[in-house]
Amino acid sequence: MEILERLRERFEVLEEKVQRDDLIFVGTTGKNLIPMLVYLKEYEGFKTLVMISCVDWIEEGKFQLSYNLWAPKQKKNIIVKVFIDRKQPNFTTIYRIWPQAEVYEREIHEMFGVNFEGNPTQGEELILEDWDDIPPMRRDFDTLKYSMEKFGERAPKSRINIRREISEQYDEWRRK
Amino acid sequence: MWSKIFYAFLTLLGGIAYGLLLGGISRKITARMQNRRGPTVWQNFIDLWKLFRKKTAVSHGVMFYLAPMFRLVGGAGTFLLVPIVIDSPYLSNFSFGGDLIVIMYFMVLGCLGMALGAAESGHPHAPIGVTRGLSQMAGYELPFVISVVVLMIADKTATVEGIVRAQQGGILHWHLFTHPFAAAAAFISLLGMMTSYPFQVVLAPQEIAVGPPTEYSSTFLSYMFSGRSVFAMAKYLLFMDLFLGGAGSLLEAFAKTFLVFLWPLFITNVFPRFRLEQSVRFFWTWPTFIGLVDLLRISLMR
Amino acid sequence: MVNPIVIIGITLASAFFIGILQAYAKVWARVIFILTLVFDLLASGIVFYGFLSGELARPISVKIGGFPPPIGINLLVGKAEAAMAVLIFSVAFLGAIHWFVKGLPQPEGKAMVLFLLLSLGATGITFTGDFFNLFVFIEITSIAAYGLVASSRTKGALEAAFKYMVVGSISSTFILLGVVFLYKATGSLNMMDIAGKLLGGISSAVLALITLLILSGLLVELEVFPINGWALDVYQGADPVVVALLAGAAVKAFYLVFLKTAGFLPLSSFFSLALIFGGSTYLAGQFFAWRQRDVRRLFGYSSVAQLGLLILAAGFFLNSALASQSRLMIGAAIVLLIFNHSFAKTSLFLLADNVKGSNVEDWAGTLRGNPLFAFSFTSSVFSIAGIPPMAGFWAKVLLIFAIPRQYSWAVALILIGALAEVVYYFHLYRVASQGEGKEAGGNLFSPFVSSLLLVVSVPMVWGIFSRKLSIPLNGQVLLLLGISLGIYLLGFSRPLQWLGSLATLGYGIYVLLPHFKPDLSGFFLALVLFGGGALLIATYPGSKKLPSTFYPAYLVVVFSMAGVVLSSTWLSLFVFWEVMTWSSFLLINMGEGKKAAWLYAIFSAAGAYAMLGGIYLLPSLRIGVGKVPGLLPAVLISLAFLVKMATAPLHIWARDAYGESAHQFTPLLSGIMSKMGVFGTALVVVYILGVSSNPVFRYFLGWLGVLTAFFMTLLAVFQDDLKKLLAYSSVAQVGYILLGVALGTPLGWSASLYHTVNHFFFKALLFVAAAGIIYRVGTSYLPQMGGLIRRMPLTFFATLLAIISLAGIPPLSGFAGKWLLYSALIEKGWIFITVVAFLASTLAFLYCFKILHSVFLGQLQEENFNVKEVPLTVALVEVLLLLPLIILGAFPRLLLDPIDKVLSSLPGLSPAPIHYGRVMGAVTKLGHWNALFLMVFFAGSFLIALVFFAITSARIRKVGQLDVGYSGEVPRSAEDLHFGYGLYEHFRKAVGWLIYPLVTKVWKGIYEGINALAEMGRRIYTGDVNTYAAYVIALSIIILYIFSGVK
Amino acid sequence: MDKKNYFLDEKPEKLTYGGVFRKIDDWARARSLWVVAYGTGCGSIELRPTFTSRFDAERLGMRMVGTPRQADVLIISGYLTVKTLKRVIRVYEQMQSPKYVVALGACPINGGMYYDSYNAINQLDLYLPVDVWITGCMPRPEAILAGFKRLQELIDSGRADGWKKYIENLDWYRENQRKIIKNWKMPNYNW
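Chains as they are written, first to last, in my numbering: chain A, 7 to 182; chain B, 323 to 624; chain C, 5 to 1051; chain D, 2 to 192.
Source of the hints: derived by calculation from the structure; they are not laboratory data. Worth double-checking, as some hints may not be accurate.
Stated by the list, open to error - With beta-carbon atoms standing in for the labels, derived distance ranges:
1) C138/D <-> R358/B: 26 to 36 Å
2) M7/A <-> S977/C: 47 to 57 Å
3) S158/D <-> V56/A: 48 to 58 Å
4) N357/B <-> V44/A: 56 to 66 Å
5) T783/C <-> V44/A: 42 to 52 Å
6) P499/C <-> V384/B: 26 to 36 Å
7) R619/B <-> A943/C: 38 to 48 Å
8) G129/A <-> D10/D: 23 to 33 Å
9) V44/A <-> S977/C: 39 to 49 Å
10) Y920/C <-> R354/B: 36 to 46 Å
11) C138/D <-> S977/C: 38 to 48 Å
12) M7/A <-> E143/D: 52 to 62 Å
Stated by the list, open to error - Cut-off 20 Å, straight-line C-alpha distance, at most; resulting in silico cross-link-like pairs (EDC-like, lysine to aspartate or glutamate):
13) K183/D <-> D138/A
14) K929/C <-> D477/B
15) K183/D <-> E131/A
16) K377/B <-> E11/D
17) K84/D <-> E135/A
18) K183/D <-> E135/A
We put the CB at the ideal spot given by N, CA and C, even for glycine.
This is chain A alone, in the form it adopts within the complex (with noise of 0.2 Å):
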């Protein structure tokens, strides 16, 4: 792939691989990273960002932030994958290439607690309201017991007699 050179010459690659003929993965260096979207987008023609994910390798103790590009000409997609450290899980907001990150970022931040530094709207409830534990979509977070302990156990057998009744219902007035 043209592309994949003209990558490689310019910024430091750690790994690649075609996925197919208009899906590439491409890791690099946090350092990397922004210069290299903006090279994406101003000159390879990857204007959109379709999304960004998080994936928390627990046994590495790292994030894998994943850049999802679009080029809406060639009809390619391109992922960025960036590792950082799960200690201290900070990294830069990439809102002002892409406005549409903010969100993003601000979900990622409230999914596994990953900080971007400078995303105006960080830390504002997105999906969670009043949340008072890990960040729930880390590996480490247990979430049966979160749910046994504050939801409480599953229901007690004797609804199942309502269920029943229920049902037999049904089929006398199905059946009428």
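Let chain A serve as the given structure and place chains B, C and D on it in line with the hints.
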């Protein structure tokens, strides 16, 4: 005098009941047209009773509290001002209270009270609905007024009785046939008055959910409900008297109002909805031009 | 008795002495300077008094050196000359005082000498009876003027002096040539001789040549168009005192000579000369001033225009073909004009000296800074613009009514010019009266005295001229107007002023009690006095913000309206109409509107002058004398009334005038003053048009009324300012009233008169309530209010009733008007109008709801949380006004019966064909309506429903204002929930094209077109002395060629 | 912000249930169920067919209304998150008594497939009084209709008194609600 009041009261109850029944029938017919069974024709009575007997209600203030009375009294007043059976001492109601002009203005009283109460609820949908309703009213009023003026000029009277009397002597004397264009304009504007479907902009379930009575509940709503049904009856009666030659007997009245009632019902079930500005523009063009034909005819023949 | 030569001699001598003394004793020089002027003033005053008292019957003729006239120099002092001298010396004296207050110009000795010489020269020009002597005095005057102008230390003064000098020299040359030829032809230079004996001897062509030479010289000095560029430069550049003396007095001396000399010319030549030059100068001056941004140059244009008017008047004055009565009137007008202009201009120029900066914008706020300044400025401007009660008004009226019918185009010209004058003077007035108060300089003594002279002269002038024109102005009303002005003296305490006003109004009602008769004037008089009184009560709360002139102006408006309705002649109606207009102008100007009052002034003035023109065309001034052939007077007179009713397309002043006027005044403006238009139109329809004739014109009026109603209603729907909304509503309602009047049937008139009264009740109530609300809430912007029902229940209730009445919904009183109107329309058969009227009143529901919702319903905004109910007086008036709404709703006959009486008193009308019979409402041939039944039915069934509800209802809990079903959300603030902005935006999408501001654009286009023309015309004044000189010579040649008759 | 006057901060009164018209009332209430059209979870997609031509709930006298004020029945159509629960509580309390709650699907009963989710609640009846449960994931419209039929019977026989229980045990319900809604930013009583 007292007997008159008594009969008027009875008529009013009858009017409310017949209005509710017609509402039920309309729901039934609509359901059948949509290939479903639909509620019973008495459904509106059940709803009314339920609302009336709810346990709690909320009030947002004085005007909110008084508005249902306004609505009911406005509807009832309009209903009672329109004679049902023309020469009957019992069923001509309070038509001595005023002529057509009075009726046209008295109609507004209920709407105004309703609008004020709704607006006081503080819910944003309420004033939105009211302003839409008022705008639409400005729309349909033009063709309606044209046809009413045509009738008043043609019959040289502004009283409903006079207009009814002018139509006696056979079906072809009905204004529906003597002034077909005016009648057409009026009947199109009736669609707007009844907020039938192409012109359903007030309650507008798709946009503002319930419209003006968003905050009304329980007993309040039951009053509004009965007010609305009697108001609808008043409009049917008015159209019957204006265009269908009035009624000589109660049975005739039932039949003719039913005819008037069917017209918006059939329209409403087969049309999608206008936006407000389309609705106003429609009223100010087509039915207006149709009505103008008769208006010009009248003014030239005079 | 003082010998006139003494005046000249002493002045000349002291001028000489001052020059010497200056070097040794400056103080003595000043003392002598001022003493001389005092002496001159006294001396000329004594002479003038001599003439006035009849002690001197014939002109004083002084023979200098004892030589008989043809040889020696001769002074000839008559009444006019003496008066002119008094004028010159008073202006000079005032100017001198101004100099002393402000500091004399340097070098002061020379300035004083030149100043004395200038006034002396001007006096000499007036006095002299000898042509060569005249030339000498002209030279003295001119040279002194050049010197004074040149010595002014202001920008452009030197250049102006140079231009003046060049042009002046040419003019002198012409005069000298004329004098030489004259001497050659007659062998004499004495005016009396020439006028008396010698003229017959020479050929008319030669005589014409001579006169034209002299006259064209004088015309240069009289600043006729287009050779007046130099004068404008002088006015702009020179020292204001000098300018005041020049424009205020010296030019008038030239004018006197002009009058004297003009007699030599064959009449027709002089007449057309005067008309052409006077007229063109007048119009050019008035219109060119529009674009002028420099105030002093603007005053200059105005002076030029006034001189043009004087020349025009001279043409008529000397026309012996006119009846002597008219010539006498024109003479009086000339005297008044001169007097008026001299002192007003003196005052204005000296005031201009007190303002820093020369542009119009620099005057911003000057009127607020200093009451003396305000007084002087206002009275001077009113004088110049010819606004009653000032003398200038009478001058204009006298002039117009003396001009015979075949010259009615001259009347039109005068009126158009007067309108143009209003435009720029009131633009200046508007700028000066608004903005931050600015302390104008303290040298206000002289301007104050001169404007005081103008004001003091008012009663005398009125006394003389109202009798002379045989206008029976109602004496009681005049007295009341006087008392009203006296209220100003209580200005130290607003409550006292308020009480005083109430007492005055009560006294007024007592005095005018005999006039409450069942006829049209009695009907409107009751409305004016009782309505004005009721509304006066509500003015109390705003005392903090009210200027001290509020109450006097308010009372003047009320009593002048009383004067209008009590007038028995059209002219007295016009006089009171003008008083009403201008006092209301002051009140509107007290508000916040930037251009509101100005627009109001322009439109009112246009209407008023049209009315004056119409009255001029009437065969008889008495109201109530037969019909008039032709529509023109009716149309012209109606224009004034239509303006006051703000009928489309004359409505564009109304929105801002109603919206921005003082809140306490707006109820009166809408409730009563707009009804004066109705009264006037009614008069026109009954007495000029005839009720049953001119159907086409009345049909046109009907369309005007109904279209006004329609479009104003539509505009009101989209208006977001409470008062402006009510303004549009008010105009629309008056449109209905006009429609009823236009119908001309008894039923239509019943509807109109009923609606007139009823509209007063509900609209005044609405405006009073609006005033109270705005006072409490602090804004009139509707989206910022809301939910006030929780804080102002009484006001809400009152407003609700008023709105129901306004919308014409039974059972309240408003419906009767609607019912009558529609019945009348259908009876008459105006079908299309009926439809539009119905539609308009349906549209009214839209804004009715808007008022109630935006102000009272919906969510209460946080900033209004601590708002209280309106003040007590306002609440009292609200209650006072809402009672009739209910009572009339049940018993409309209470009003319809008096209306029937009024109708039967009018020619061509009879009581409305309504039978009351057994029903407590009305029955016509068309329909019926039972008011009492509807009221009882409504109240009864409402009560029954309410009681039933209260018994049977579920348990009702009153919840808070944010407790609404809001998709499960908890609303954060009232503002989020309140639907205030763009209430009818969706409706605008449908019908927005109907309210395209076409009319506004047309009026604006006209205004800007005239401005562009004025700008083009102004290019004539290149500012280049060569051009000016060329103009003078070219014009003189043209004059000689055309008018001399020499072929 | 001064909350004064903004919300009614007053405990609801205990209502008696009876009177002369009790029979008629129950009969009418059962046959006139107005449902607030508030989709809380995935089950609300099932309500559309229920109320339109195919299944036609209107023949049972039911209607969708757009405002809680006029509604009698609140349908909890599937899982509830903490965030939705807040709104549901508010909607429920804004409805006028007598009022009924119908819970749809497995999630309100025991958390369903979201039983271990960090934000879906497990037992609805801790927070709101449920009159009828309809199981399924999701229940088909037929089941929903059957549920409503059941609700009608309960009302008709006077046994659908969740609204009374709610008022009587308001403190208990509030305690449960506040346990999971940490930051109670609502007015205490949402009438």
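Hints and how they fare:
One distance hint, 26 to 36 Å for the beta-carbon pair C138/D and R358/B, holds here, with the actual separation near 27 Å. Between M7/A and S977/C the beta carbon distance is about 55 Å. The supplied range of 47 to 57 Å therefore holds. The hinted window of 48 to 58 Å between S158/D and V56/A holds, with their beta carbons roughly 57 Å apart. Under the hint 56 to 66 Å, the C-beta atoms of N357/B and V44/A, about 60 Å apart, fit the expected range.
For the pair T783/C and V44/A, the supplied restraint of 42 to 52 Å holds, since their beta-carbon distance comes to about 49 Å. For P499/C and V384/B, the hinted distance range of 26 to 36 Å is satisfied, since their beta carbons lie about 35 Å from each other. Between R619/B and A943/C the beta carbon distance is about 43 Å. The supplied range of 38 to 48 Å therefore holds. G129/A and D10/D have their C-beta atoms about 31 Å apart, which keeps the hinted 23 to 33 Å range intact.
At about 41 Å, the CB distance of V44/A to S977/C agrees with the hint of 39 to 49 Å. At about 54 Å, the beta-carbon gap between Y920/C and R354/B misses the expected band of 36 to 46 Å. Distance hint check for C138/D and S977/C: the Cβ-Cβ separation is about 41 Å, which falls inside the suggested range of 38 to 48 Å. Taking 52 to 62 Å as the suggested C-beta distance range, the pair M7/A and E143/D conforms, at roughly 55 Å.
With a C-alpha separation of about 8 Å, the suggested pair K183/D and D138/A falls inside the 20 Å cut-off, and the hint holds. Taking the CA atoms of K929/C and D477/B, the gap is about 12 Å. The hint holds against a cut of 20 Å. For the proposed pair K183/D and E131/A, the alpha carbon gap of about 14 Å is at most 20 Å, so the pair holds. In summary, the hint linking K377/B to E11/D is supported, as the alpha carbons are separated by about 17 Å, within the 20 Å threshold.
Of the pairs offered as hints, the one joining K84/D and E135/A holds, with about 6 Å between alpha carbons and a cut-off of 20 Å not exceeded. Pair hint K183/D plus E135/A holds up; C-alpha atoms about 9 Å apart against a cutoff of 20 Å.
Of the hints listed earlier, the one the structure fails to meet is number 10.
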